[in-house]
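Asker: Position one of the sequence shown corresponds to residue 280 (this note's numbering), numbered consecutively onward.
It is worth saying that the hints were derived from the structure and are not from the lab.
Bear in mind the structure is a predicted one, so any value in this text is a computation, not a measurement.
Incorrect hints may appear among the rest.
[What the hints assert, rightly or not] Result set (SDA-like, lysine to any residue): computed pairs, CA atoms no more than 25 Å apart in a straight line:
| no. | residue 1 | residue 2 |
| --- | --- | --- |
| 1 | K369 | T396 |
| 2 | K427 | I540 |
| 3 | K421 | N318 |
| 4 | K538 | R449 |
| 5 | K660 | E589 |
| 6 | K304 | S348 |
| 7 | K561 | S577 |
| 8 | K397 | F420 |
| 9 | K368 | S356 |
| 10 | K479 | S430 |
| 11 | K524 | K479 |
| 12 | K424 | E485 |
| 13 | K304 | V648 |
| 14 | K421 | S480 |
| 15 | K580 | F420 |
| 16 | K660 | I364 |
| 17 | K621 | V648 |
| 18 | K561 | P551 |
| 19 | K561 | S550 |
| 20 | K640 | R590 |
| 21 | K561 | Q533 |
| 22 | K640 | E448 |
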Amino acid sequence: MEQLNKDDRKNLSKTCRWLYRMTNKFRFGFVSPEWEGVNVSGIDNSNIIASNYRDGVWSDNTFYLVIFSSDRPICWSLNLADRPIRWNKKEIDLESPDQYEPVRYSAAAIVTNTTNTKMYIFGGENIETEKLSNALYELDFKTSKMIKIESSATPAPRKMHSLNAISNERLAMFGGRCLMNEGGEMYDTQHFAIYDIENKSWSYVESMPYRRASHSTMVLDEKLYIYGGQNSSFSSTEIQIHDDKDIHLYDVRQENWNKIIAPYPDGSRLSPTLTLPSYWIKTDGSKVGRRVHAAMFSMHKRIIILNGEERDNFEYEENEQPWELLKSLSLEERNWDHIRVKGLPQMGCVAVVGEYEGETKGIFVVGKVHNDDNLIMGWIKDSIDI
Numbered sequence: 280m281e282q283l284n285k286d287d288r289k290n291l292s293k294t295c296r297w298l299y300r301m302t303n304k305f306r307f308g309f310v311s312p313e314w315e316g317v318n319v320s321g322i323d324n325s326n327i328i329a330s331n332y333r334d335g336v337w338s339d340n341t342f343y344l345v346i347f348s349s350d351r352p353i354c355w356s357l358n359l360a361d362r363p364i365r366w367n368k369k370e371i372d373l374e375s376p377d378q379y380e381p382v383r384y385s386a387a388a389i390v391t392n393t394t395n396t397k398m399y400i401f402g403g404e405n406i407e408t409e410k411l412s413n414a415l416y417e418l419d420f421k422t423s424k425m426i427k428i429e430s431s432a433t434p435a436p437r438k439m440h441s442l443n444a445i446s447n448e449r450l451a452m453f454g455g456r457c458l459m460n461e462g463g464e465m466y467d468t469q470h471f472a473i474y475d476i477e478n479k480s481w482s483y484v485e486s487m488p489y490r491r492a493s494h495s496t497m498v499l500d501e502k503l504y505i506y507g508g509q510n511s512s513f514s515s516t517e518i519q520i521h522d523d524k525d526i527h528l529y530d531v532r533q534e535n536w537n538k539i540i541a542p543y544p545d546g547s548r549l550s551p552t553l554t555l556p557s558y559w560i561k562t563d564g565s566k567v568g569r570r571v572h573a574a575m576f577s578m579h580k581r582i583i584i585l586n587g588e589e590r591d592n593f594e595y596e597e598n599e600q601p602w603e604l605l606k607s608l609s610l611e612e613r614n615w616d617h618i619r620v621k622g623l624p625q626m627g628c629v630a631v632v633g634e635y636e637g638e639t640k641g642i643f644v645v646g647k648v649h650n651d652d653n654l655i656m657g658w659i660k661d662s663i664d665i
């Protein structure tokens, strides 16, 4: 399969059912994916998780989410290796309770080295005063102790931004919603800052992506990918799903930006005669759409976009259930493809590839329906074995 181009694989898949299944398995990791909902125990009120699920982060098959209450934070975790899967609760000790600032709509990243694993949480909205914060916390998983870090050149207070570990020594913060004036008006930013963990200092990089908040991010092969989100501006208080359907990537090694151009609605690339900036990467294939609260992750060296809310309501009839389409970008072939996940509910979500049964891989999804506090969890698994 690896020696065939996408057109040859497409033609091969039409010859017989077995080759069709093999082609799907190669392209998506699934022959015929379907949704399997999961009831997870360990927590009495899952609405707490549902309201804050996008503040969590995946690491080594485990989902970590710190929930801040007025007096102390609690770390909830979901280990996909557990059977049955259940929520685990761990209380966190504060090194300096007088410096504690409880927040929501923050962003988190996890850094793992040979001796320890630590979570970093930046920004958010103070749950008591509703003022924006630029507090930076470090949670040591070994000691369950959290400290508030004093750093230099700290970014402005914000919420609904992203934070990613781009190495064991550095974090990348992008975008988010900041306060415009004392009247409480807010605007979305395109701020991009790198945090040096050892030196406890921030540095700033010229940012190419448009302003946005509540966007989706992932890191693959020392590249940070940014997609979708919401957009508000100085001139309007209206908040809408971002008009940008492309993916922006920051190359950590090269320290530069590139832009992956989404195909036209008919699946074609930009005209080959059109002169494009050198940092633009053309793609073809199926339509991607403009989304917020979509899951974005990697699988088989492909970028996966899953679910979320679409700006144009997917431009389909609702009975076609377009939210079931898992979008997949081959970085090598620069081609978008999709496969339908039967029974997948429409929701905003985060997701990760994990072990469904034994060595059989699946995609575990955590999310909720817009304006609904009921948590939704489950597996995307294969309904057919080869």
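Asker: Given the hinted pair K640 and R590, is their alpha-carbon gap at most 25 Å?
Answerer: violated, 31 Å
Asker: Is the straight-line distance between the alpha-carbon of K621 and that of V648 25 Å or less?
Answerer: holds, 18 Å
Asker: Would the hint linking K660 and E589 be met if the CA-CA limit is 25 Å?
Answerer: holds, 24 Å
Asker: For the pair supplied as a hint, K561 and S577, is the alpha-carbon distance within the 25 Å limit?
Answerer: holds, 19 Å
Asker: Between K369 and T396, does the CA-CA distance stay at or below 25 Å?
Answerer: holds, 15 Å
Asker: Could you grab the alpha-carbon distance between K427 and I540 and see if it respects the 25 Å cut-off?
Answerer: violated, 40 Å
Asker: With the threshold set at 25 Å, check whether the alpha-carbon distance from K561 to S550 stays at or below it.
Answerer: holds, 10 Å
Asker: Does S348 lie within 25 Å of K304 when you go C-alpha to C-alpha?
Answerer: Since the Cα atoms of K304 and S348 sit roughly 44 Å apart, the hinted pair is violated (cutoff 25 Å).
Asker: Does K538 pair with R449 here, judged by a C-alpha cut-off of 25 Å?
Answerer: holds, 22 Å
Asker: K424 and E485: Cα distance at most 25 Å?
Answerer: violated, 34 Å
Asker: Regarding the pair K561 and P551, is the alpha-carbon distance no greater than 25 Å?
Answerer: holds, 9 Å
Asker: Quickly compare the C-alpha distance for K640 and E448 to 25 Å and report which way the hint goes.
Answerer: violated, 30 Å
Hint compliance for this structure: hints 2, 3, 6, 11, 12, 13, 15, 20, 22 are broken, all remaining hints hold.
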